[in-house]
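Visitor: Here's the letter readout for the chains.
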Amino acid sequence: MNEHASITIRGKDRYKSGVMEYKKMGYWEPDYVPKDTDIIALFRVTPQDGVDPIEASAAVAGESSTATWTVVWTDRLTAAEKYRAKCFRVDPVPNSPGQYFAYIAYDLDLFENGSIANLSASIIGNVFGFKPLKALRLEDMRLPVAYVKTFQGPATGIVVERERMDKFGRPLLGATVKPKLGLSGRNYGRVVYEALKGGLDFTKDDENINSQPFMHWRERFLYCMEAVNKAQAASGEIKGTYLNVTAGTMEDMYERAEFAKQLGSVIIMIDLVIGYTAIQSMAKWARRNDMILHLHRAGHSTYTRQRNHGVSFRVIAKWMRLAGVDHIHAGTVVGKLEGDPATTRGYYDICREDYNPVRLEHGVFFEQNWASLNKMMPVASGGIHAGQMHQLLDHLGEDVILQFGGGTIGHPMGIQAGATANRVALEAMILARNEGRDYLHEGEEILAKAAMTCTPLKAALETWKSVTFNYESTDMPDYAPTASVSM
Amino acid sequence: MRITQGCFSFLPDLTDEQISKQVQYCLANGWAVNIEFTDDPHPRNSFWEMWGLPMFDLRDAAGVLMELTECRKVYGNSYIRLSAFDSSHGWESVRLSFIVNRPKEEPGFRLERHEMEGRNIRYTTKSYAVDRPEGQRYGGS
Numbered sequence: 005m006n007e008h009a010s011i012t013i014r015g016k017d018r019y020k021s022g023v024m025e026y027k028k029m030g031y032w033e034p035d036y037v038p039k040d041t042d043i044i045a046l047f048r049v050t051p052q053d054g055v056d057p058i059e060a061s062a063a064v065a066g067e068s069s070t071a072t073w074t075v076v077w078t079d080r081l082t083a084a085e086k087y088r089a090k091c092f093r094v095d096p097v098p099n100s101p102g103q104y105f106a107y108i109a110y111d112l113d114l115f116e117n118g119s120i121a122n123l124s125a126s127i128i129g130n131v132f133g134f135k136p137l138k139a140l141r142l143e144d145m146r147l148p149v150a151y152v153k154t155f156q157g158p159a160t161g162i163v164v165e166r167e168r169m170d171k172f173g174r175p176l177l178g179a180t181v182k183p184k185l186g187l188s189g190r191n192y193g194r195v196v197y198e199a200l201k202g203g204l205d206f207t208k209d210d211e212n213i214n215s216q217p218f219m220h221w222r223e224r225f226l227y228c229m230e231a232v233n234k235a236q237a238a239s240g241e242i243k244g245t246y247l248n249v250t251a252g253t254m255e256d257m258y259e260r261a262e263f264a265k266q267l268g269s270v271i272i273m274i275d276l277v278i279g280y281t282a283i284q285s286m287a288k289w290a291r292r293n294d295m296i297l298h299l300h301r302a303g304h305s306t307y308t309r310q311r312n313h314g315v316s317f318r319v320i321a322k323w324m325r326l327a328g329v330d331h332i333h334a335g336t337v338v339g340k341l342e343g344d345p346a347t348t349r350g351y352y353d354i355c356r357e358d359y360n361p362v363r364l365e366h367g368v369f370f371e372q373n374w375a376s377l378n379k380m381m382p383v384a385s386g387g388i389h390a391g392q393m394h395q396l397l398d399h400l401g402e403d404v405i406l407q408f409g410g411g412t413i414g415h416p417m418g419i420q421a422g423a424t425a426n427r428v429a430l431e432a433m434i435l436a437r438n439e440g441r442d443y444l445h446e447g448e449e450i451l452a453k454a455a456m457t458c459t460p461l462k463a464a465l466e467t468w469k470s471v472t473f474n475y476e477s478t479d480m481p482d483y484a485p486t487a488s489v490s491m
Numbered sequence: 103m104r105i106t107q108g109c110f111s112f113l114p115d116l117t118d119e120q121i122s123k124q125v126q127y128c129l130a131n132g133w134a135v136n137i138e139f140t141d142d143p144h145p146r147n148s149f150w151e152m153w154g155l156p157m158f159d160l161r162d163a164a165g166v167l168m169e170l171t172e173c174r175k176v177y178g179n180s181y182i183r184l185s186a187f188d189s190s191h192g193w194e195s196v197r198l199s200f201i202v203n204r205p206k207e208e209p210g211f212r213l214e215r216h217e218m219e220g221r222n223i224r225y226t227t228k229s230y231a232v233d234r235p236e237g238q239r240y241g242g243s
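Which chain is which? The protein sequence lines are A and B, in order. Letter by letter, the first sequence follows residues 5 to 491 in this note's numbering. Letter by letter, the second sequence follows residues 103 to 243 in this note's numbering.
Some hints could be false.
Which bits of chain B does chain A cover? Going by a derived footprint, with three or more residues having C-beta under 8 Å, they are [unchecked claim]:
#1 103-112
#2 136-147
Restricting the straight-line Cα-Cα distance to at most 30 Å, the calculated cross-link-like pairs of lysine-lysine (DSSO-like) are [stated by the list, open to error]:
#3 B/Lys123 with A/Lys453
#4 A/Lys135 with A/Lys28
#5 A/Lys453 with B/Lys206
Computed far set for chain B versus chain A, every beta-carbon distance over 12 Å [what the hints assert, rightly or not]:
#6 Trp153
#7 Gly154
#8 Arg212
Read the hints as simulated data drawn from the structure, not as lab findings. Ideal placement from N, C-alpha and C gives every residue a C-beta, glycine not left out.
Using the sequences and the hints, build the whole thing.
Guide: Following this line, the structure appears as structure tokens:
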């Protein structure tokens, strides 16, 4: 599909009044070589029946940069060729008739420094409602170093978070307080205390815990900090609880964040639904106030889950690393929520590596240099339990927060026992891994041995031993690794 | 109480053989292992005393175990931990840290609450051990 030469109309004829095909207006430039400073976006384009895929892709480039539906003479007052986004490559999507991958390059001057709002207003703006397309999905983006450097990045980062929490060499452990809704501040703090004292590092507010009639936010913060400090004294370890400061206005969020700081919390939390600008504001606040910033990705599945339309979560993860959050929920592979192993691996790499090579088999289409921007800690939460510890460690690695909500609070011997079971399972698995054992295959044996000196772990393994969530994923990579033969 | 700082505090105390395997893992990764000790295990006490320097360029875990034996002779009733430092770019910090020695009795901490205006409470964690002067905590050794 890329053998086409440029068919751009140049000179005076380009600006004759009327309607012209996008691919002739300079939005399809198959010979264009992207500059190091260009932002590159990869879209999955599904044209309406009968629409030429090149024209559809050129239209995406046009509508996400300078074009409107008709030729305008005012283009000639500008360096229009520079500002036109250029589609330079269109490939059919493997095994998906009617879908095309369109690579589009954008000049850096099209974007404001350090603003996800500005970036997204162009790239996922009007173009997603464009009629000649049945569907459109933003799959991946290459962000040039020149642009990356205009963002603060994660307020704290993995390394400093570990130093501040004094926790090295193992995943961190957390739990979301359950039930999500209805607990009074005092009852809520009880769950936090039990879970932290039992051995977790963090507890977490759920995304929809803000300030409701059953528990206003100040009650929650006060009782939670009593619980955190009491558990800290009981264990000699640093503990934290993600105090959700999500609220209806920035002023309310700042007020809640200030109160969390005043009470000595090490971490606060926000929801993705507060919006990109609010997230960037809170990231700056967190950097100024030595606060770890946890992001719950509430709402993302409305646009990330379906393969043909929306925005891939890998793009959201990249934007959030720029925006400056420290924690981001990125999937569990084995738990109750969407995420196949390869795609999830791609998200984790985007969170944690300084350089991402192209890995089509993980859905990573571009190399990405993060230029020493802090790393984000991925969070695995939703339907996981101690009996899966070896699989979790294998899939997700060491720099991750494993959150066992039901797997802690639902323990038959109580919350402390649930927490202890998870911590013992984790430490036993790390010990075995470091000793060079094949922990993935010997996992059950390692856990059974650890359970011999830990009754809570024994009970956890018995309760949840056969719980798995084996459903087909809806979002998977389009490319499978194949053996290549060198000629 | 049992202080649960470090990577393996929820497991039974590691044997020297187990410690040696963890050290070997660190050395294989190119990390330098350091021995540190303290009689003030406050969770915010980042800087335990160093038993010499981090052992750069060491290949065999036996070297660390030898030093640990010496350290235990002097500070056997204190907390001793091993920390492994990774100098690679983008990390340049501790990669693994775990306690390898504890005092016979661990008195733990008390939580002091200072009631402030409104319902605010200012919390202070205090180690019972530091009520006594340095060197005389945990029965003096």
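Visitor: Say whether it holds or is violated: tryptophan 153 of chain B keeps its Cβ farther than 12 Å from all Cβ of chain A.
Guide: 18 Å, holds
Visitor: When you check the alpha-carbon spacing of lysine 123 of chain B and lysine 453 of chain A, does it fall within 30 Å?
Guide: 18 Å, holds
Visitor: The stretch 136-147 of chain B covered by chain A? Criterion: 3 or more residues, Cβ-Cβ distance below 8 Å.
Guide: holds (count 4)
Visitor: Checking one constraint from the list: CA of lysine 453 of chain A to CA of lysine 206 of chain B, max 30 Å. Satisfied?
Guide: Distance ~26 Å between lysine 453 of chain A and lysine 206 of chain B Cα, so the pair holds.
Visitor: Is the Cα-Cα distance between lysine 135 of chain A and lysine 28 of chain A 30 Å or less?
Guide: 19 Å, holds
Visitor: Does the claim that glycine 154 of chain B lies off the interface hold, with its Cβ farther than 12 Å from every Cβ of chain A?
Guide: 20 Å, holds
Visitor: Is the nearest Cβ of chain A still more than 12 Å from the Cβ of arginine 212 of chain B?
Guide: Not fine: 7 Å to the nearest Cβ puts arginine 212 of chain B too close to chain A.
Visitor: Is the coverage entry for the stretch 103-112 of chain B by chain A consistent with the three-residue Cβ rule at 8 Å?
Guide: holds (count 8)
The structure fails hint 8 only (numbered hints given earlier).
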